[in-house]
Every structure is written in structure tokens, then in C-alpha cells.
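Below are the chains, spelled out letter by letter.
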Amino acid sequence: MSTAELAARLYEACLSKFPPDHLFYQQDLLGLGIVPKNDLAQLLQLTQTLVDQKLLRLLQGKNDRLAWKIISREDAEKYVFGIELLQNLNPDESLVYNVIHSTGRSGIWVRAIQNRTGLPKSILDRCLKALEGKNYIKSVHNVKFPTRKMYMLAGLAPSEDVTGGAWFTDGVLDANFINSVSTFIEYTVSRKSWYEAPAVEVQRNKRIKTADGSAAAKFPDRSSDRQYLPFPAGYQGYSTVATITAAVNESGITPVRLGEESIVQLLQVLCFDNKLVSLNNGEMYRSIKNPEAVKAQQARKPGPIDPDADDDERRRLVFNGMTEAPCGQCPVFKLCAPGGAVSPETCEYFDPWLEKALGF
Amino acid sequence: MTSQYATELCSLLIEDNFGELFARIFSTLQRYDRLTLPRLRFYSRLSDRQLHHGLAAMVQHHLIYHYTSLEDGNTYYETNLQSAYYLVRSGKILEMIEDRLGKYAATVMSTIMFLGHAQIAHLETLPELKPQRSHANGVGEEMKEEAEGQANGVDGEHELDELVENAAIHSTLKALAAHGYVIQVRDAQFQSPNDNVLDAQRVLKARPDVKEMKGKKQEQFLLENTERIVKERTDGDLSRGLMFNGVPQGVKRKHSQKPNEERREYVDIDEDEENEWSDDDFGGNSPMDSNLVVRVNYPKLDVALRNRRLVELVDQESSSATAQVYDCLLRRIEYQTPRCRDIAEIPREGEESEQYSVPIRLSALVDDIDPYLDLSGSIGPMEVPQGPARRGKRPLENGVHGDTDDREGQPSSTTNGTSSSSSGASRTYEVDQHLCLLAQPPYNFTSKRMIGGLINWTVEYRHLARKLRHTELERIIEARYGDVALRVVRVLHAKGKLDEKRLQEISLLPFKDLRQVLASMQAGGFVDLQEVPRDAQRQPSRTIYLWFYDPDRVAAGILEDTYKAMSRCLQRIRFERARLREFLDKTERSDVKGNEERYLSEGELKTLHQWRAKEALLLGEVSRLDDMVAVFRDY
Numbered sequence: 001m002s003t004a005e006l007a008a009r010l011y012e013a014c015l016s017k018f019p020p021d022h023l024f025y026q027q028d029l030l031g032l033g034i035v036p037k038n039d040l041a042q043l044l045q046l047t048q049t050l051v052d053q054k055l056l057r058l059l060q061g062k063n064d065r066l067a068w069k070i071i072s073r074e075d076a077e078k079y080v081f082g083i084e085l086l087q088n089l090n091p092d093e094s095l096v097y098n099v100i101h102s103t104g105r106s107g108i109w110v111r112a113i114q115n116r117t118g119l120p121k122s123i124l125d126r127c128l129k130a131l132e133g134k135n136y137i138k139s140v141h142n143v144k145f146p147t148r149k150m151y152m153l154a155g156l157a158p159s160e161d162v163t164g165g166a167w168f169t170d171g172v173l174d175a176n177f178i179n180s181v182s183t184f185i186e187y188t189v190s191r192k193s194w195y196e197a198p199a200v201e202v203q204r205n206k207r208i209k210t211a212d213g214s215a216a217a218k219f220p221d222r223s224s225d226r227q228y229l230p231f232p233a234g235y236q237g238y239s240t241v242a243t244i245t246a247a248v249n250e251s252g253i254t255p256v257r258l259g260e261e262s263i264v265q266l267l268q269v270l271c272f273d274n275k276l277v278s279l280n281n282g283e284m285y286r287s288i289k290n291p292e293a294v295k296a297q298q299a300r301k302p303g304p305i306d307p308d309a310d311d312d313e314r315r316r317l318v319f320n321g322m323t324e325a326p327c328g329q330c331p332v333f334k335l336c337a338p339g340g341a342v343s344p345e346t347c348e349y350f351d352p353w354l355e356k357a358l359g360f
Numbered sequence: 001m002t003s004q005y006a007t008e009l010c011s012l013l014i015e016d017n018f019g020e021l022f023a024r025i026f027s028t029l030q031r032y033d034r035l036t037l038p039r040l041r042f043y044s045r046l047s048d049r050q051l052h053h054g055l056a057a058m059v060q061h062h063l064i065y066h067y068t069s070l071e072d073g074n075t076y077y078e079t080n081l082q083s084a085y086y087l088v089r090s091g092k093i094l095e096m097i098e099d100r101l102g103k104y105a106a107t108v109m110s111t112i113m114f115l116g117h118a119q120i121a122h123l124e125t126l127p128e129l130k131p132q133r134s135h136a137n138g139v140g141e142e143m144k145e146e147a148e149g150q151a152n153g154v155d156g157e158h159e160l161d162e163l164v165e166n167a168a169i170h171s172t173l174k175a176l177a178a179h180g181y182v183i184q185v186r187d188a189q190f191q192s193p194n195d196n197v198l199d200a201q202r203v204l205k206a207r208p209d210v211k212e213m214k215g216k217k218q219e220q221f222l223l224e225n226t227e228r229i230v231k232e233r234t235d236g237d238l239s240r241g242l243m244f245n246g247v248p249q250g251v252k253r254k255h256s257q258k259p260n261e262e263r264r265e266y267v268d269i270d271e272d273e274e275n276e277w278s279d280d281d282f283g284g285n286s287p288m289d290s291n292l293v294v295r296v297n298y299p300k301l302d303v304a305l306r307n308r309r310l311v312e313l314v315d316q317e318s319s320s321a322t323a324q325v326y327d328c329l330l331r332r333i334e335y336q337t338p339r340c341r342d343i344a345e346i347p348r349e350g351e352e353s354e355q356y357s358v359p360i361r362l363s364a365l366v367d368d369i370d371p372y373l374d375l376s377g378s379i380g381p382m383e384v385p386q387g388p389a390r391r392g393k394r395p396l397e398n399g400v401h402g403d404t405d406d407r408e409g410q411p412s413s414t415t416n417g418t419s420s421s422s423s424g425a426s427r428t429y430e431v432d433q434h435l436c437l438l439a440q441p442p443y444n445f446t447s448k449r450m451i452g453g454l455i456n457w458t459v460e461y462r463h464l465a466r467k468l469r470h471t472e473l474e475r476i477i478e479a480r481y482g483d484v485a486l487r488v489v490r491v492l493h494a495k496g497k498l499d500e501k502r503l504q505e506i507s508l509l510p511f512k513d514l515r516q517v518l519a520s521m522q523a524g525g526f527v528d529l530q531e532v533p534r535d536a537q538r539q540p541s542r543t544i545y546l547w548f549y550d551p552d553r554v555a556a557g558i559l560e561d562t563y564k565a566m567s568r569c570l571q572r573i574r575f576e577r578a579r580l581r582e583f584l585d586k587t588e589r590s591d592v593k594g595n596e597e598r599y600l601s602e603g604e605l606k607t608l609h610q611w612r613a614k615e616a617l618l619l620g621e622v623s624r625l626d627d628m629v630a631v632f633r634d635y
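As you go down the protein sequences, you meet chains A and B in turn.
Residues 1 to 360 (full-length UniProt numbering) are what the first sequence spells out, left to right.
Residues 1 to 635 (full-length UniProt numbering) are what the second sequence spells out, left to right.
Next up, chain B with everything else stripped away, as it sits in the complex:
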């Protein structure tokens, strides 16, 4: 992702989050690439003290890789753009974790993010992670009450108190680890991926048996084993042993009473019943090793975010029941998917093979789905009785449902809405029906597999990621050039290179419109023209002109534009803030902050609200742009 605008954006993010010192070091390293400390000092014009402080902290935040060479003994510093970029996604990640694991887990996660990486013993001591003060604090709730009861009774019961607190943080950390959202920090993670590869190769080459190998054979051997060694060294997976039947510890089942009930509410209500979690299943409350150092696992979080994105898409395309079924399937798959792709770069269009996710057994899925979810009410019958059913107001009540019920062998729960009377078998059938619906074109969200006579469902992520990319591009094209352009681009994409005549025949557009739209899209860099001369003279009149649309190229351009747009939004926030500098300084005074109503006049309050709304809007926009970056780069 090295590029002018990505660098600009990351420097901005670092400056916003950590201040000028970090940004200075970061942008110097970015400009000159790998530097030793003396060179860095020379270019950045910072004092030794500042540099040492800055580098140490940045290493902890994984913003900088460092590598000490065994050959010359120098330590080289290098930027880690990827993790700098993830600063922008932190809000989204925390929101998702709160949604899945409760508010307390989100607090823990944000603390880890804030610290870069953290030892568990250190987390235990932090006051903000003590569950006392917060009320609807999710996980800690029950234990807190327990603890308070004790504390009220006997004053000196501090130790028990501590233990209970720690139980809360440990079970939360365990849940995070089981989901793969946090991983253990390994030494190799502080080195850039390239250094790790070189290191691994060096180790392999030093082995006597490898030394004896010759030419091609050695190369082959190195290629095969380097990856394995790097993986061994960087792998910080903590989820082993914390999974139970393919489900991580701490997963909350959704048992909503009514689908329409406020989501937030029931999460809180559920908390009480659910927070013992499955401790019993996991051999008690054995706390996590206090010496363990944990950090956030962004690749895994991308998997979760990608799934969420797909569920949103399904929700738009079909009923919410289908979306929930899909959500359950993706959740199951997520637990077994460590990252979105196995290769670092997104492969070129057409060079990507199909890769299916792990298959999930239908029966396992049925257990996951909220038993009160009405599955039958959102799919029509297989056959429309007596001609068009749209006049169906009266006799259908008996007609349609009688028919389908007989055919599908399901109890007539259709009409009584959410009665849970449906038996297990028909429930399975219904879930399968929803998944079949999802397997339909144009999206093909799922695909069916029979393994050992049992129905399994998988997801072809590469195809879906491609589809997401195309959809984003098509949205941009439609917004900029209109629906005519969209049709042209889709024709070109489906058919390859076409000359104007053929293009017109397929797209059925008048020449005038077609030429206009092609010209403006060419100017915008969305379509291109290839010249194929028919003779050596290359006369324009004897040349065939072929239009084509290359999604890879366009996507790469758009990705850069997106980085740039994100930078611009952040820069605009800074500018807006500078405009209101004096006023904002006042609102941030320690006595005013928190007591705005008391100290600020009505006009000032209004300005403050407007400023906050503006900032929120711009940051929201940055986050929306980040969604696009995720589609183009990460999924």
C-alpha cells in the first residue's frame, strides 16, 4: 500500500492520534525508508532524547518495525503502514466487539488498542477496567453485585474483590482470544515481513543438510519452508483450547423474544443470564497467564468485518430472516478463518481461483439460529396455485398454505407467525431453504456441499470479494456518468474488448449517447481504447479501435483516490478546528469541560453543537471511505 496518498493519510492519522513527535519520526522514515538511528536523527533533526522516547513508544504501538542486523550490528527502523492505517478502523472494530461481546469487552479491547500491546498483569491493574463504577457493564455485572455485597458486609475483603474483578477481565480476555480478536505478541512481529523472510532463509541455509543441496533443489526447499518458519515465528494465535465444538468461548446465543425488539436492550437483559458463559465447559475459571502480552489481531477482525459487510448486503437484497441465517453461517465460518486472503496482494481479475471456506454442517447451523426467528414467513410457496396469485386475497388462506404445507411437510406455523411449534426436521428444511435462496444468482452468497451424505454449506469468498469490488466501482460510475455508462461498463466487463459497432449492438444505445459516455469515461480513466492497426502504416482509417474496461486498474486508481479523499477530510477537520481555535480552547478548559451548560452562553453552545456535528460528519465520512478501502484492499 505504499503510495503518496497512503503515506499522507497515515502520517495524518498518527499526528491526530499521537501528536507531532510521532508524525515527524513516521514521515521521516517514510520519506527515506529504512534508517539507522544516527541517520534518522540527522534527517528528522530531533534530539536523542526525543527520538528514544518516540521510537520506543512507536514500537510498542507497532507503528515501526525494527531490525538488528547480525552482519553490521546496526538497528534499522522502518514504518509499518498497515498498522498505522488500522488506526482509522479502530472505531468500527470496537463497535463490532461491543455488538458481539458486550460493552465491557469493547472497553478491554480499546484499552489494548490504546496501549498498542499490553501484558495481562498490567491490564489487571488498570482502574478503567475495574468493573465497579459502570452500571450496565455487561460481563462484570453479576460478579460486581456479588463483590459489592461482600464489600458492604466486611470491609477488609479486598482480596476476594480483586479476584472477582480479575475473573471478569480474564473471562473477557479469554473470549477475545477465543474469537481470535487478540493474539499473543511474538518477537518476530516487531520485524518487517521482509526481514522475517530473509531471516528464515538465512536460518535454513545455515542448516548442513540444506547446504548440501544444489541449485534448483535448494531453491525449491527454501521456498517451501520459509513460509512455514515465518508462520511459526509470528503466529500468536491464542484460540487453541478455547474453542468448544467449533464455537469460541463467550459466544452469546441470540434468543430474542420478538424480532422487532430493541437490539441494545436485549443484549443488556441477556447479559445477566448469559454471563456465566460456558465456564463449566472449559474447566472453570482458570485465568489467563498474567505474563502473556497481547495485541489486537487486525487480519482476523477484517474477516469479521467482511462478514458483517456481506450480511448487510444480504439484508438489503432479501428478507431479514435470510440475513440472520446467513449471519449465523458466516459466524461459524469466521471462527475457522484466520484471515481474508492467503496472499498479500489482491490477485488480478481472472487469475484468482475459487476458494471455498470451511464447510459448515447444516445441523450445527440450525442450533445456532434463534429458535423464535420466523423462517417460513419470508419465502413464497413453490407453486402459485390457479394462475396469478396476485389477486389472492380470499381463498388463498386455505389454498396456498394448505398446498405448501402438504408438500413440504411443515406444520402451518406460517399463519400463526412465530409459533415455535415447528418440529426440528422442518426447521432444518426451512434453514436449508433460506440458504438455497442465498445460493441463487446474481450474488451466489453460499454454495452447497454434500459431505458424507450430510448437507454442508460453504461460502466462496473470493467471488464475493470481487463482486463487492465491482459493486463499489459500479456505484461510482453510475453516480458520475449515469446509468447509460453503467450499462456500457457492464457490457464491456462481460464481453471483453469490443469495437464501437458491436458495443452498440449489444448495449442498444444510440451512437451519440454511446460516444459521449465513452469519451467522458475515458477522460476519467474508467475505460480505455486499444488500437489494432490492420496494416503496417497504422493509418487511423485502417485501424480497429477496441474499447475495454479493466477493473483492476480502475480499482487501483480509486483506492488511491479514496486515500486522498480520506486525507482531505481529516485535513478539513483540522482546518475547521483552526478556524474555531480560540473558542474550542475555551470549551476544553478543565473547568468548562463537562459543565458546558453552566459556563457557555447560548450562542456558544450552539456553535459547540455545530462544531461537534461537523466533526462527526467528517469523521463519519472518513469511516465510510474506509469501508471502500477495505473492499478494495483487504477483503
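So here's chain A without its partners, still in its complex pose:
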């Protein structure tokens, strides 16, 4: 039997009889009974053949004894391919390839490659073109430096630092995606933030004073059959980052799985938007509005907000003395002075404002 055949049989036996990360010692290999007459010289020859083929890796085991590990065929092929690849490249190209290879998933800026290789720009450009043409590397878009040309190995996915996280598509913020996810989150959180009282209990209608001083029902009529009560302080049932992340990923509104960091990022934005409140240093989140109000608000979302909409929520959030008065909106307020070109007497905004407010 030739050495090559024996080596192949030895490899197969190792693969089938032992787990993949087993450390083989001399006895293990001899114990397989493939090497004739347990000839040590022949065993050494066989293992050397396998090591040359990259199917075995030579290691140093306990007590300085020789040991081997098997390598799967695909990995071996890849490795061999790598060598071939480098062999396919000229020295400049392989230099560039190695530099790009070393930066892994974060990518490298062209000027940085130039600095590290010391190649002239024209040669570097040629190398990059050649590598890209052979499909070994690809150019990537970095969110932080949109103007820089960056490269990384073709087989790698860019890291979060480069892409900007889940909220970026091709280096551009995906506003629609963010909106849909945040809408979903707000509603999910709000459902866990309010206790929905059984219908029987709702016999008191809550009244609040609106901006114009007249009493108005706090909740619109259509929701009068439901009442939402706040939970007492110290309630532990609010949504956590983990539950929100799970809910988002299950909902099917996202094509990719979102990590907790991405969700935390969005939750913070929602807090800045005054939609959610974080409790216990961001451990749990509670919504400001009850589910009914959230739904109503989101139904209205598309399109610009109608300024005439008689909406309690909006009214009490947005209005104060300054925003109501014509002066608060006036584009030439800074120029206004009694007796001036713009003056309270000649003001164009007061009359329409009075008419609108009083209805005559």
C-alpha cells in the first residue's frame, strides 16, 4: 500500500473514531491499527504527509510529546486556497492584501494602507483595482467618515462601528424603519404600563381643565368603556429591554434580528421624545400615554399634523402663552416697536387671530 493511501486511511479513521478537537498522541494513532507493524518511522512519514496536506496540525502536547490535531477538509482546502491566492498575487498586491486582512471587520482607509505599505499611490491604486477585480476585497461605506474610501476582505461583514448599527442601511439612516420599530415599541411598552380597569369600575369620568379653562373629558368618548390606571410605585411588571427586544424580533417588522444595544439606542430616543420614561437606570421602561392614546396618536401620524385638530393631547403638550399669542409666531417680532414700521397698531396678525379665536 502506498504512503498516500495509508495516509488517507489514517485520516479517515481519525475523523470517524474521535471527536474533531481530539488531541492525538502517538499511541492513539498506532492504536488505530492502520500503520503496519507499528513502524514508527512509517508513522512519522504518514503524519508528515498529512501535515503537508494541511489535514493535520502538529502540536506539542503534555511533557513535550508530539501531538496532532485533525483539520476538516474544507478548512484545509481554504487554507490551501489562501496560499494559492498569495501565490497568484504579485508581492505588492500581497502586501496590500495582508494589510487589509489584518484590520478584519473594521475595514481600513486607503490613506492608511498607503501609510502602512509605503507604496506610491499609483501602484497602490493598481493593486487595489486588481484585488477588487479578483473579488478578494470590497470597498465599504463608513457612517462616521462618509467621504473616506475604505476596504475590507470580500468575505467579511462590516462591523457595527462601520455600518452605524442596525439603523443604517448602506451607511444612510433608515428613517422609515426606525419609525416603524419605534411605533411598535411605544405601543408594546404602553400596554404593559397601564392597568386596564374592568368596565364595571368605570363610573367616574375623570375631568381635567384644558388650556381654555373649560372642563373636558380626559379621555375621548370612544374609549370611555376602558379606563387605564397607573400602577403603584415599585411595580415590577413594566417592560424590560430583554422583553422589548424579544417582542420586536418576534413581530416580524424587522428583516434582521436586532440586538439589545440597538433597541436600547432606540429606547433612549423614545425617552428623549417624551414617549417613554426609563425606570431604575434604564432597567425598565414605562410609557407616558396609555395604549388608547398611543394608538390614536399613531393613527394620526401620517401626514403633517393638522393644526386645527381639536386634540387634547396635542393642546396640552404644545401650548403656552407664548405659542398662542400672535407675537410668539411673528417672524418680525424683533423689529416690532410702537410707532415703527412693524408696530402693535399696524400688526397684521392680531385681527386674524382675534377672528379665529372668537369666531366673528
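Since the hints were made in silico from the structure, they are not lab data.
Not one of these hints is a red herring.
Under the rule of at most 27 angstroms between Cα atoms (straight-line distance), these lysine-lysine pairs were calculated in the DSSO-like manner:
no., chain 1, residue 1, chain 2, residue 2
1, A, Lys144, B, Lys512
2, B, Lys501, A, Lys149
3, B, Lys606, A, Lys356
4, A, Lys149, B, Lys512
Starting from the structure of chain A, add chain B where the hints point.
Chain B alone, transformed into the frame defined by chain A:
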């Protein structure tokens, strides 16, 4: 508050309230600052007679400070912008007093306001304060009936009548004094605060033991003692001796039968039972000293108005029961809080330390709260049974409430609504629950303190005042630049200075929107840009640009704008009135006034109604703007 627009506004207010003479004197003094009489006469071009009249009256109204120097013997006059500004808040104050102490107290208060300051003996003689003619006149009600009975019987019983009347006004004044709404007038109050400080220092320096002190030590001593002396001299507090267990005399307990009942009504109904007040507790009807001169105490009223503002906010954010609990807590705190801040200026953002109000014992609070108020129906249970409770229609009746009742040890008053069966302990627990709810972020309206093993509740006013300021600013920003701008500003406020990239990462906004909104806000003065060059050449390409949002600066600007907007509204009223001059003159004729229906045609009546509505709207707007001024300047 000295500024162009504040001055303009105050002059307008004075002219509207007191006429041209006052306004002329006021604006002259405002323009030239401190003046002696001859200089004032020269600049204002008024005759001696006019000036004397005007100044005397303005001093009485505390619109002008005066100070006679011991060195040159001259008397200097100076404007008092603060009290001129308070003219605009008078309506709000009277409304609040009517709400708390009844209509009669409001009448008394408005009379005092109208007079500037008044001797009690003088108030006794005023016909408008005699309780006879009015019907639902609150306080005087019972005594009035008594008096009428007497008067009908015997004609000459005038003295008793008088006594009864005076009892009404005295008990009302006592209530006002106990709340701290009126104070005694002191001589030092007629001098500007700066003069008072200088005077006090002069007195201290004249003391032999202080003279011997040297350099730093003397300075230190002066600093420590000046404030004390000024306080001693200006302090006109009348509430001492009128407080009973931390509650001022004349406080009405709210015992509403049903929460929904008309507020106004029950106040009137209650009046009859309540108007003996707690006279018994205070050693009878001993009247107030008739020689006492009283004036309105605006700083204290600001405290009350600030509390009211907070209660309104709570009412919006949570249930009305919670708001009422909070109202009771704030009321208790108000009695022991003389002013909103200890320092004159609002401190800069981040340089303000936390200051907690006086702690109020939970048990005292429980007594204050309307026993018929349903406390349990507005808070959910601690645990939602069997998954999401939102499908809870059927078995929850037993399930939820059974659970919570067992846990919290409260009788199941939840389902029978407002039964007062709940025992004292669980009532206390419920009140505590409401207060805990208020302590939650984002507002943290309350905070809990354990003192000697007892639960106490306090309020951190500085934090809340800041929060109110931010809310007002955020409202303006949202209204002008949209919700994207609001998000950006809140990010900047939370994180400090940020460059555009980082700002985008945090706010998750597309570059285009972000730049647009930042540019327009910068133009409006809401955000600003700082340049940090990376080398000495300061090339734009080698420079870092950081965006920031400075609430102090923005608030100062907005405050000025608010003054200006208030002036504009008042000026517009004047203009509108000038437009209708002839018609309005007719309606104000003595024969037409009061008989409009008889003398005016239908068209004229319509015009009159429209004019009144317009005026009301504009004045209402001024008052809404004043709410903002209060937030930015006073709270």
C-alpha cells in the same frame, strides 16, 4: 428684571391702572434712574403740585421707593418695577383667594390692593366691605343674618351692628394674615433693597465693636449680619400666633359629598357651617389692631400660585385623586414657606443645589384629605394576575381585587366606590401610595423622608421649578420647530456639547433633517455652535464644531420676548379701543352704563359684545403670558 421691555410693560400697566400722571413720573424715573425732586421736576416737566400728588400716591402703592440720605439730606426717588409688574397678576391672585377663602376675603384683598396699603381702621369704615348688601357673601353670611334680625327688631341697635360687621372683616383679615397673604407695612419697605442693605451696613459699621475689627474679619461680620438686620426691618409677617397645629386660621376643609359636584356650589353651602371657623381655638374674636397698616404680600402669593401650577400639572399627568392628595401636601408646605427662593436671581443651570421643603408628616396629611375622596380607584394593582389583564372583563372582579385586598390589607372599598368604610390605617396606606406615585420619574413631584421612624413627605422645589422652565421652553421649541427639534434639544440638554456625528448617532435622525433643524434653531437663538480648532491656523476643515443648548440663555431671551408680547397685547387693546373710541364713549355714559339693553340698538349691542370678548381675550392672553413670566422669573 430691569430691561427695555420690562420697563415698557410696567409703564403700560401703570398707565392702564392709574393714568397718565403716574406713568409720566414712572417712565421718567425709569429712564433717569434715581432722582431728587428738583431733577425729577426738570425731566418730567410736571408742576410741583402734580408731582407731589403723584409721588405721594405712588409711594402708597409701593410703585416708588424713596430714600432720604443722611449725608446730603436729599430725598431720592426710584421705581419699584417688581410691584409695578404685580399689577398684572392681581386678577389671578384674587381668583385664588376667592377659591380658598371665599368671596368676601377676595373683596377685602382687592380693596387692599386698590389702596396700595391700608390701615385696618380705614378698612372698617369702607362701605364696600360692609357685608350687608351682598347675598352669597361667604364669611359674613351668618353674622349678617344675625345683624339683620337685630336691626329689624330694634332700630337703634347700630353699635352691635357695627361690631358684627367688624367681626366679619377682622376674622377675614386674620385669615389672610395667617396665610401670610397680607403683611404689616414697615418703614424699611419703602426703601429700595439696596438702600436697606447699605443702611444696615452703615449701622453695623458704626458699632464700636465692629469698628475695632480688621479687614477680612469685618467684611465677614458685615456679610453675616446685614441680611439679618434687613430682614428684621422689612419683615412684616403677621401669621405668628394665628397658626394652629401648622394650619392657619380660617382654612376650610374640603368635605365634598361627591367629587363631581359643582365646586362653586359647595363652597357656598359650606360657608354656613364653616364660617365660625376655629374662633374657639384662637381665644375668641379678638379683633386685629386697628392701627395696623397692611399690604399685599406678593412673594407669599407666588408660593401659593406655584403650588397651584404644580397641582395643575399633576392633574394632567395623573388622576384627580392624586392631584388632590398633592394639593393637600402642598397646602401644608405653603403655610411654612415664606417665599419661592432665598436668593433674588434664579441660579444658573447646574449651580443650584437641592433644597427640600419642610417635611410634612403623613398622618397630618391624611387628616387634611377629604374623607369622601376615593383613593383606591385610581391606582392599579401591584401585580397583574394571569398574564395580560387587558382581556380582563369577567373573572377579574373577584380575581384582581381579591388578590390586592389580601395583599394590601384594605377592605374592598374599591368596588363599592366611595364608601368610607376603609379604616384609618389603610387610608394612610393609600395616601402614601398616591404620594409614592408622585415621587416617580420623570417629574419626581415628591420625595419621602423618614424622620424618627415616621413617614414624612417633602417637595424639592428647585428641581420642579427647573422642570417647569424646561417644559415651557420645550413647548415653544416644539411649536416653532417641530418634534424633531424637540428631540435634538433634549439630547443636547442631556448630553452637553456634541458634534454633528455623535448627535446623529444618539438622536437617530437623517443628516438632512438634523442640519435643517439645527440651522433654523440657531437662527432663532435656541442652540449654538462652538468652534474648537485643532491647530493654530483655525482652518475650518481642521476645526471641531460642537452644538450645545443653554437653557439659561434661552430662558432669559424668552422672558424678554414674553414681556414684549405682553406689552404688545396691551398696546393692541389700546389701539382697538381707539378704533371704537366714539362708540365706547357712548356706552360709558352714565345713563347708558348698566342700561345697555335700553339705550343701544341691536347692532350696537353686538359691537359691544364683540369688543368685550376681544378685550377679554387679549387680557386673558396677557395673563397666560404672565404664567410664563412666573415660571421663568419667580418660581
